[in-house]
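If you read the sequences in order, they're chains D and F. Under the working numbering, think of the first position of the first sequence as 1, with each following residue one higher. Under the working numbering, think of the first position of the second sequence as 1, with each following residue one higher.
For the record, the hints were derived by calculation from the structure and aren't laboratory data. A few of these clues could be false.
Copies of the same chain look alike in the list, so a pair counts if it works inside one copy or between any two.
[Claimed, not checked] Derived pair list, reagent style DSBU-like, types lysine-lysine, alpha-carbon separation capped at 35 Å: (1) Lys-15 x Lys-58; (2) Lys-15 x Lys-67; (3) Lys-47 x Lys-15.
Bear in mind that the values here come from a model prediction, so they are computed numbers and not experimental data.
2 protein chains.
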Amino acid sequence: MITFEEAAIRSDIIKAMAHPVRLLIIEYLKEGPRAFSEIFGLFDLDKSTVSKHLHVLKETGIVTSRKNGVDMVYTLEVPCVTDFFGCVTAVIENNVRRQQVCLCKR
Amino acid sequence: MITFEEAAIRSDIIKAMAHPVRLLIIEYLKEGPRAFSEIFGLFDLDKSTVSKHLHVLKETGIVTSRKNGVDMVYTLEVPCVTDFFGCVTAVIENNVRRQQVCLCKR
DNA sequence: TGCCATATTGGCAAATATACCAACGAGCAA
DNA sequence: TTGCTCGTTGGTATATTTGCCAATATGGCA
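Given the sequences, and given the hints that come with them, work out the whole structure.
Here it is, written out as structure tokens:
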């Protein structure tokens, strides 16, 4: 078993992925590095909100950023994080099998 | 790209894992089904707190529970979720390489 | 039936997360 | 310098999460 401290570090990384917007950003960056403006364009959100989501991903080391001319370019550092999404799908499918179809909040 | 709705469903599942206590519970249940009292014994927390963490895991379909005599027994339904922890470790190791050793909150 | 052990639920307070607007800073061009 | 674009940071309001205590089921046993 891991220690509570180790679990806390791991949970910080998982927490960074635990938001729809950040999940979509990760999916998008899987295709390759993208400028902030491109990422921003995916959402109907304030610039500052998208910037802060990227900050969360940077803080945990999932993405990095660098200046490229006028743009700020974001890169997915650890693409294996998306491997996990297959398992998340397995959870969803298992729920469907178990007739617990709706994960939506009531 | 997945839709925002799909991302929201996925993030609910990831969110369920995004807590040190729930992470440790998942690790523990990887060894096999365990009674509530055994899980409770891992932590210095109120019974109700542990029960609520298990509720979160149940709601998303990561674990299930069944009565066994006086005990409530919890089972990890989708063991592949722990495969992901290897990647989380990869993130941590990448951070170490990049000299961003400390993920702790300041 | 009454009592006990086991776990869940309700309610509350504190901490954390999220999103907006506004202000700021950095870099480039006129 | 001035103005412009790009992105970040500060501040605030709201929503969600977390953990404790107390109260409530639920089931076994005397």
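Here's how the hints hold up against the structure:
1. Lys-15 x Lys-58: Intra 13 Å, inter 18 Å, cutoff 35 Å: intra and inter.
2. Lys-15 x Lys-67: both (26 Å within a copy, 31 Å between copies)
3. Lys-47 x Lys-15: For Lys-47 and Lys-15, the Cα distance is within 35 Å both inside one copy (21 Å) and across copies (24 Å).
The structure is consistent with each of the numbered hints, conforming to all of them.
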